[in-house]
Each structure stands twice: as C-alpha cells, then as structure tokens.
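Enquirer: Chain by chain, the residues:
2 protein chains.
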Amino acid sequence: MTHAFQATCAATGEFLPGEFAEATAAQIDFACGRAAEAAVQIRELTPDQLGEFLSAVATEIRSRREEIVSRCELETGYLNARVEGEFDRAMGQLDLFARLAVERPWDRVTSEAADPDRKPFPKPSMTRRFVPVGPVAVFGACNFPLAISVIGNDFVAAVATGNPVVVKSHPSHPGTCELLGNAVKEVVKRLKLPLGTFELLHGRTPETSVRVISHPAIAAVGFTGSPQGGRALAKAILDRENPIPIFAELGSTNPVFITPDAMAVRAKAIAEGFAGSLRFGNGHMCTKPGVVVIQERDADAFIAATRGIFAKQPNLPMLSGPVAEAFDRGIEQLRAAKEVDSLFVAEAIETEGPWHRGAHWFGMNAETAIRERWLHSETFGPVSILVRCRGEAEMLRVAEGFHGSLTTTLHAETSENEFTQCWRRIAERFGGRIILNGWPTGMEIGSATQHGGPFPASLDGRSTSVGHASLERFVRPLCFQNWPEDVMLAKRSGP
Amino acid sequence: MTHAFQATCAATGEFLPGEFAEATAAQIDFACGRAAEAAVQIRELTPDQLGEFLSAVATEIRSRREEIVSRCELETGYLNARVEGEFDRAMGQLDLFARLAVERPWDRVTSEAADPDRKPFPKPSMTRRFVPVGPVAVFGACNFPLAISVIGNDFVAAVATGNPVVVKSHPSHPGTCELLGNAVKEVVKRLKLPLGTFELLHGRTPETSVRVISHPAIAAVGFTGSPQGGRALAKAILDRENPIPIFAELGSTNPVFITPDAMAVRAKAIAEGFAGSLRFGNGHMCTKPGVVVIQERDADAFIAATRGIFAKQPNLPMLSGPVAEAFDRGIEQLRAAKEVDSLFVAEAIETEGPWHRGAHWFGMNAETAIRERWLHSETFGPVSILVRCRGEAEMLRVAEGFHGSLTTTLHAETSENEFTQCWRRIAERFGGRIILNGWPTGMEIGSATQHGGPFPASLDGRSTSVGHASLERFVRPLCFQNWPEDVMLAKRSGP
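Protein sequence lines correspond, in order, to chains A and B. For the first sequence, the UniProt record's numbering assigns the number 1 to the initial residue and increments by one for each residue that follows. For the second sequence, the UniProt record's numbering assigns the number 1 to the initial residue and increments by one for each residue that follows.
Here chain A stands alone, though its shape is the one from the complex (with noise of 0.2 Å):
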C-alpha cells in the first residue's frame, strides 16, 4: 500500500495541489541498487565531464526559474526577495562546484619515492590520492529548499567528486524538490548519463529515512536538520553491517558578545543588525542569532532600540505546522521560567495566516545562563535569549559554558583587544566560524568556509557542509604501494 502526502502553503496552512508517495522499500532498493551501479561509471568520468554535468543542471533549473521559485514561495512561506536570492545561491553553488570538479581540490596526491637500498629493508615507493566513496544519500534542510537540499550544498559536493546521489525530499516542500529533481533527470538523460546517477524519492516517515540510510549500497550520507535527528540516523547506521560516515549540520545557537565600548559607540546600529539578522528568513536560519550575551548595566540603550526595530517588523509566515508547533512550545517554556523575563512578544494578528510569528525576545542573567540548559537548545524561528552579565569575567564565563556552534559573534572596539584575545580562545573551543563586528547570517561560499562544529552544530566538526572544503566528505585516500606511475593512473579504456 502506498501512502500519499500533500505539501502545505505555509502563508495559509491549507494544502497546496500535487500528491507524493512515500517511497515504499521496493523503490528505495530500486534506486540505491540504480545507484550502485552508476557509481561504478561515474567515478570513471573526466573532471571535465563532471563539471559538465553541474553546468547542465545548472543552466537547466536556471530555465525553470519562474516555476520553481513560485512553488518553493508557496510551500515555505518566505519572501519572494529571500527565494530568488537563495535561488541565485543555489545557482552559484552549482557553477563554483562546477568549476571545482574540474580543478579537483580535494585530491591532495602525496608521494614518496622508492629507495630499494634502505637498510634492513628497501623502501617501497607510495602515493595517496583521493577516490569517490559511492554513492550518498542526501536529506537537505527544510529552510533552504534551493541551496541545501536537490541540487544543494550536499549534491554539487558527491557529483563533483564523482559520486550518484540519492535524494529524499524534504516532506516540507516535495514540490520544490521534484521540480529541482525533474530538471536534475533530464540533465541525466541528455547528458546519456547512468539514470541512477540521481534518484530521488519522497516520504515523511523516519522509516523511510532509516530504510535509505540502511540500504548496502549507500556509501555516505549528507543530513541537514535536527540534533534528534541526526542523532538518530547516525544510530541506524551503526547497525548497519558495514557503518558509513554521515555528515549531519544540526542545531546552533550563534551566541554573539557585545562589549561595553562596542554598545557605547554603536548601540543603534547593533540593534539594526541584530533585529534584521534575527528576522531574515524569519528567524529560520542555521546561523540565526538566538542568544546576544552583554554587560547588563550597557544594556537599556540597546534594548530600548531594538524593541523598536521589533515593533516595525510585520508577522510573518512559519515554514510548516510542525515548525510553528515547535515553536510555540519553545516561547511557551521561556515564558513560563521564572528566571526568565519577556523583552519582546510580538502579537498574533487575527487577519493573518495560522502559521504568522513575529519577534520574541527574552532575557535572563549570567548566573541562569550558567546553570539552565536554555542556551543549548536552539527553537527554530524569530526568537532569542539575551544574557545580562556583571562584567567581563562573567561574560567569559558565559562563553566557557557553550556547547558547539556554527559561528561565535563577537563586537568590540580595538580598545578591547586584551578582552578580544580572551575571547577568542574560549570561542575556538566551541565555534565554526568566528565573527568579529558582523553578523552570523549570510555566509560566504568559498575557499576558507567552515560551516560546522562541535555537536550540536554537527555530528563532527572537523567536516564543513558548505564551500570548497565540504568536498572533503565524499572522497576517501588510497595509498598506492610498488605501482608504476602508468598503471596506476591508467583510465578505462572502453564503456
């Protein structure tokens, strides 16, 4: 029997038209076995056929801008200026990637000559070089439909590597997803590529997860969501017969440190770049700012400034039901904690969809901060903790309790450098990416991007899930023993 599901509008909460299956255990082997055997072509290809291939995609999504971007506006509720940026995201991932397959960074060859007359016994020669891992089993984000999902951070890194990919759809927006996978299939077939060099299959059940991540075929996997989740698939894979690395980006707190002198000189413009990096995407981002850390006695200029940047945002929508549950369920603990005040609470509005939240924002002193564990938890959506401390001591403090996070923020003046350093060295136990006088959101794609961190950021932060680095992942090292240079780099000859 199969079960169909339907995707929602998120700006109303009523169904939107087009049905999807959950993949039943006969397709997901289906597609897992098609996968398999494509690997076994698609790690023979050319850097520049790889490459090609991203190009194709990505001109072929390109061509179908209008349709996708007006689902995925639909099935998310954002913006139209947050979707067709992210589009264009998505678009310069594919082309860098692209370029990257063809320029093979991850393929650091390390070698060391023969030497047949070391004593007590002749040297043999070695090379270590990077080969594909198979094929890898991608769960994009439910927040970035275009850029961390299809043809995402997780895709362009396994293709360019020379990797098939097995998709499953985020249940959030299958619309979007098969749109980007239509395109994706046509690509392959024109490009007479293996048809398992990208299968895609839809499903809402952890069954269905746990099934993909359990087939033999699959050789890695790449998951962006909840620590639960992670946590769990990343248990599943321990029972499997032979266990896989996963790469899973997970939950994230972004603490930012603001110092006396910093708020002196710039209170308002902090509170602008607080407020707007907190409300973009309406607080969906992995980099979201959710906990801004000062000294309590700076604290009523910033405040006073940021409720009023708060009070100006409009509602907007959550990205589903089960996202604006959460949600409310994290607003309803932080409200009901007595060492918790309320800074901000914005309305509902009647008029407005079921699934419309605005700003809310709470605060609490060092000595909770220390001693509750509000500040590892991160609620998806437009809300954040401000910590109060008494002084700089304190705020390190604070910084010494945090568990892993994507990125670490930190505001001073150059007049606070020894405090900077201080900081700094707390913040590298914990932080991907550590931000002086900026803010978390809107991170580069590129060469020196990190985009992980200890848990709960990822399930291992030594990997990175987005930029030149992520291709790290998909690849494993070979040494190569006694081979003579041609033999051991001699391509297929035919088919």
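In short, the hints are calculated from the structure, not lab data. Be a bit skeptical, because a hint or two may be false.
Lysine-lysine pairs mimicking BS3-like chemistry, simulated, CA-CA at most 30 Å apart [said to hold, decoys possible]:
1) 312/A with 338/A
2) 235/A with 235/B
3) 268/A with 119/B
4) 123/B with 312/A
5) 268/B with 123/A
6) 268/A with 312/A
7) 312/B with 312/A
8) 119/A with 189/B
9) 123/B with 268/A
10) 119/B with 119/A
11) 312/B with 338/B
12) 268/B with 235/B
13) 123/A with 312/B
For clarity, every value in this text was computed on a predicted model and none was experimentally measured.
With chain A held as given, fit chain B onto it using these hints.
Expert: This is chain B only, laid out in the frame that chain A set:
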C-alpha cells in the same frame, strides 16, 4: 571497591608480577577533568614546545628500553626481534611526530580577502585554519604494545596537534603500558607541563571503557581493536549529551590476488612471501594476508611450496588466552564447514605453552567465497584462506564481493596489465592501501601512508590511524571572519 587484575605470560599462561586496579568512576572523572584543564594550556604551547615534549618522551623511553622490551616480550609472547623491531618503530614514530609538531602539515590555511565594494553585499575577509579538538581518549591495540598504544600512533598525533591524552591501558599488556606511562609522566613533570597532559587508566571491563569515552571532557577517541568493540564504543558515544568523533581501526582480511603469469614465473617466491607475511608476529598483524585468491589450475606448485614452509615453521605463543580461544573457535568453524578443505594444520606440541599455535590454512572455491561470509571476518592469528577461481572473470567477481579492507594486494606480471587495470578499479572500492607485487605486512610510516579503509577496516575509511595524515584526526577547522591578522594570530601573553 577496587578490582585488581594481573597480566599473564603469553608463553606459559601463568600470571606475571604486578597488580593493576580497574579504574573507578571517580578516578576516571579526575583524570578526564585534569585533562580538560590541561587542554586549555597545551593548545597555547608553541610548535617547538610540543616537539620538545615528544622528543623528550622518546629519549626517556629509549633510556628504559631494556625493561620495557623485556616486559613486553613476556606479556605478548612475541619473539625478541619482533619486540625490538616494534620498539624502533615506535621511537621512529615519536621522532617523526616531534618534527611534524613543528612543521604542522595539518594546518592548511586558506584565506579570502575582503571586498568591501562587492554588490549586493560587501565581502568580509575569511581565513580557515585548524585548532586542536581537546582531550583525546586512546585505546591501544593488543598486538602493538609499543607502536599502537600508550606512546603510539594516537598519542603522537594527539600531542603533536596540541591535545592532552587519556590512555586506557590494554588489559593484555598492562605492565608494558605502566612502564611507558611512567616514562611519559616523568617527562611531563620535568618539563613542568600540566599534569593532565597525560593520564593513564587501567581497566579490562567494557564499562570502564564506556565511562572514559562518555566523560564530557573527552573531545575525540582513537581506538584500535575489534569491529564489535569499535561499534560498541561508537554507539555509546551517540548516547553522550554531545557526541564526538571516534577514529577506530578494526578488522581486515587483506586479500592477496595472484595471477597465472605471476604464479608461473615465481610460485616459490610468492609462497615464501606469503608464509613469512602470515607468520610475522604469529599472524597478529592487522595487515595479515588473511585471504589469497588464485586461479585453480595454477594452485599445485604454490600450495606444495607453502605447505613445505609451514611445516618447518615453529609454533609460537598467541598474545593471550582470550586471543588463543578466539583463534581456536575460528579454526573450528572452518574445519566444520563442508565447503572448506584443510590445506595445512599445524600440530599442537604438548611440551609447549597452552597458547602456542602454528600455521593453519584452508581452501574453498570462488562460489563458496562469494556466497559465504568467511571472507569478511578476520580471525586473529596464523590462519589464512585460499580461494580457488576458474578464471580471471571469477577472480574479479570474488574481488567485487569484498567489504572494506586496510590493504589489498595483486601479484601480476606486466604482460597482464589489462587485468591489473580491471582489478585496480575494483580494489579502489574496498581497499585502503593497494599493493602491487608486495606483501601487506611491514607498512611504512610516512606522508603517503593510508592505514584505514571502509568498514570493517575502519569506522570511517576517510581517516588514517598511521602516518602524517593521522594528525588530521585531532584538529578541526575554524573560519575567522573579518579579523585583522594580528588580532587573530596573537598568542596568549601570560600563563
């Protein structure tokens, strides 16, 4: 209550002097807590200081060579030459990593300059570089008490990258671990490093190991042992509040393929190489050639020559009682299977110790090898399987069936280059080190070393537990955004 245990003499099965106390929860908590404090200071040491520490450890241990080698011989039953060889290997590894601590090959710095004029948003500067992960828990191997243990591969890699180490000693050679640990502690004191730089805990229950890797202060794990043990620790890690990376080098069958031309030209030399590699360390090497794949019609001369050598080799002690028992169980299974024939079974000699064993060799055809799981489970000790194929195509099918392996080897002549290419493509899917006309034992420690492969060779085949690249396990990348270089790189001014 403290449980104490004793080590056994591998040659006689009798207890050796010395009692070792199972680490209590409080002791583990104390050691890990002290390591966490040390981590903050060690990460601020200069590269020269880290190199000096490793050099001083090498000097101190060299000065205690006789005592260490002699205890190690008793606890392992290894021949003196084997232990002396491993001692030199461990010292060479310490010297090499003392140099690498200064050279820092893992700190691959990538930078992108700012572009304040970029549209629509200014581009911030970004620098990606690597920092220590924090305290590393180390679980050494039963078979390498010097090179993969207290001062072994994980220790040198963790320290060279600026991390403290918490070692859980191996219960089959706790005395050797204690001697090595005392030498390291002596150096830590002499150099006035924080005491938590190095911690040694004893224990032989799984609960003790789980308690160590579950401690919140532990930031990464280096483990060498069985696939079951590695999987169990990995599962326990997923039950931590904050999961951490684990690097586990596990089981491997290291298949060796021999072509007709190679057999025709040098059957006797191959027999000598095989028998020597199999009995090196009495089959206790993770790179032991556990499976040999040949063409049936070429078998006779090779089998006869190998049997002749086996018959002249003495029985030698297994590492411990549990290892001998596991070996006997593995042999029993093979002898009981009806698709498997005995090619050589060394006789037990009554006057020898209870754990002395000699070569065991079993044959099967390709169909059995492909159908059954024999090929994928490593039995520690001097046993190997011969797979007879009816031709090249069947040989490649056998290759296609292999799970991950630390190494795989081909013996072939240049006349057979076409087959070699086909074989190499398959070998690249499951092997970590791919050897042409050589033997897997006797691995080089260098910049091109790869000692890791898909499961069951490793938990994550993208890592190596030996060689320069093993350093990459214990650092993680950071991106500094918008930092002036002097502020980003400033060292701590005081202690």
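Enquirer: Okay, which hints does this one fail, numbers in order?
Expert: 7, 8, 10 and 12
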